[in-house]
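Participant: Make a model of the complete structure from these sequences and hints.
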Amino acid sequence: MTPLPTIMSIRSTTGCYACKTRRKKCDEIKPKCLRCMKSRIDCEYSYLPTTGRSTKQRTKPAPRPASEHGKKLEKQKLNSTTLEPTNVSEAPSTHVGLFDYPLAPSLDISLPLDTDWEAALHLPATMPYPLEIRGFLPPSVVSQQPLALPTANLTSAQASLFNALFSLGEANCLQQSNFPSTHALIHSTSRVEQTSPTPHLYDLTSCSRHALISDSQLYEYEEPGDDEDLEGVKKIFCQTPLGLDRTVDSNSLPFVLQSFAQWFPLAVFDPLKIIHAAKDAIISQFSQSPTAHSRLLLISELMNMLTKSWTLDERGKRRLQLLRGEIRQNVTGYQAQRWPVSEEERQRANTALDHTLELISIQVVTSPLSATLHLLQSAAPVFLSACPPPHPPHLSEILLEPGINLRNFAAADITTSVTTGKPLLCRYHIPWSLELCDDFMKKRENQGLQWLLGIPDEFIMLFGYMTGLKQDSEATGTPVSARIVENIEEDMKAIKILPCESRDPSLVIGRMVVQECWREAVFIYLYMALCGAHALDPRVEKAQKGFMKLLNGIRPGRNPDAFLVIQMLIAGMATTKISHRQVIRSRILGLPECANPNTAGNDSLLMLEDVWTRTELAGRAARWQDLREACRRITGI
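In this text, residue positions in the sequence shown follow the working numbering: the first is 1, and each later residue adds one.
Source of the hints: derived by calculation from the structure; they are not laboratory data. Even glycine gets a Cβ: it sits at the ideal position worked out from N, Cα and C. Incorrect hints may appear among the rest.
[Unchecked claim] Result set (EDC-like, lysine to aspartate or glutamate): computed pairs, CA atoms no more than 16 angstroms apart in a straight line:
#1 Lys273 - Glu593
#2 Lys496 - Glu435
#3 Lys38 - Asp27
#4 Lys442 - Asp472
#5 Lys56 - Asp42
#6 Lys443 - Glu401
#7 Lys30 - Asp42
#8 Lys577 - Glu616
#9 Lys422 - Asp472
#10 Lys308 - Glu593
[As the list claims (entries may be wrong)] Cβ-Cβ distance ranges computed for the label pairs, FRET-style:
#11 Glu344 - Lys443: 21 to 31 angstroms
#12 Arg315 - Ala494: 10 to 20 angstroms
#13 His391 - Pro423: 45 to 55 angstroms
#14 His429 - Lys38: 46 to 56 angstroms
Facilitator: Structure representation (structure tokens):
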């Protein structure tokens, strides 16, 4: 077996700054290298002044690895800095996390050797060879019958990743930190309400563009090509070669399929789960009407732009405004003609929701969080009209709907409620028990929404159930029954999360981490939102510690970090250590769509920073209601 290249391989001293920053080989063609031209990014040769006898010109070096900043932080013992607890309950913790299960016998996970899939998801350490992974997994992670992953020897990089994921001992929290403390960031007053006294808030987007480079970008293995596809999504979606002239009518559908094929690996957690159904749906919509035809072309053009750069130019902004206007007109223009709603009326309402998923996925990376909140609020009455009886809608039935519109709205409503502290836009009927949960899983097949965000469908239902209980508790002024909380805790321990199937072991491990991070996020929400505990409650601290161990057990990179943002925001509410906050901040800012100003991800991080700052100034631990206030201050909603 050919060994993988070493991470810190010797690189050119005269390459362009962009290639050095990304740890890529530069062809050094002037004035712009071919790699930068192909990626459509700025290419710059900044030369250092010559010193001494040497006359050889050298270009500006890349930023230093973030691990060096971590070592400095460690020397300063920031790891030990926490808020002092006040009247913390000493109740014994009943939460069982990923690392609390007794170790099972060695579990064999093997993948077929006939892998022919290639690399496209932006993982920091893609393993091009089949592997055998033998390790200890808790019963929550796997079913009674183990899945198959490849069979061969672990490389050093993969072994390190796997050991960090399932080790009971090591906590490597400072190694991921790549950004200076927020106290070094510049105060932003543009979109934050100023009241007296006003906590010191920070503009996370005023940092140097080159400073917003995560460890995953600094430590990339040199790969044969930037456009390879790890799971073969492009090959399944569209066989037509790139570079189509989309002004030619016959190229329109291939262009649409091609754009979705490039977008899916970036925006969808497990694209292979729905790739065939999505392709059929797109082809069907494309031939439905001229309106659907032109809208799909508009969506595809925006997706095509965003796969090249996470920032839209003026032309892209005009396209987005046009798309937003069309979909908003569909949603706000809908009026139920009769009640109760007939099947025909339901179909009309469902059609009015068409393409809201695509707009939301584009808006969250290009527009402020308020834009998505307003869109969901406008769509809520249409969603209720589109839901099958009885009412209020049964969430388990909604998640099993064959169409995407209802599933998408329900999940978006629940997750935005959890991450903003706002009440649900719609009331759902969610009877909760493990038996009902098991029945749902038997019916699910490839329905549900786990493939989109990585959140197991059981946890979507549980978040919805707990949010409903919370709203009832607040309305009546009575606390949630301790028995209900105990039942949820017991059920959480019993829920088994099946590993995602993939021929690429790096994706399997990354997706397992994402799903187990959701478990810890559910525990944090249970204790802080439903029980009213603060961030220094022992139960909250244990769940937060389990989350950080998972997060630090896998290297930063677009995948999995793009699917960990929501969990990091939830865990951030429970985070008191400065070093842990630094890790969360750096992982979120490592994603360009979250580092860019006026995006949903950046606004969400600003909300978290607001909570941290206000609670520090008040000398207390954070509580869940702080999130609602932060949302109001940052978004104005």
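Participant: Which of the listed hints are not met by the structure?
Facilitator: Failing hints, ascending: 1, 4, 5, 12, 13.
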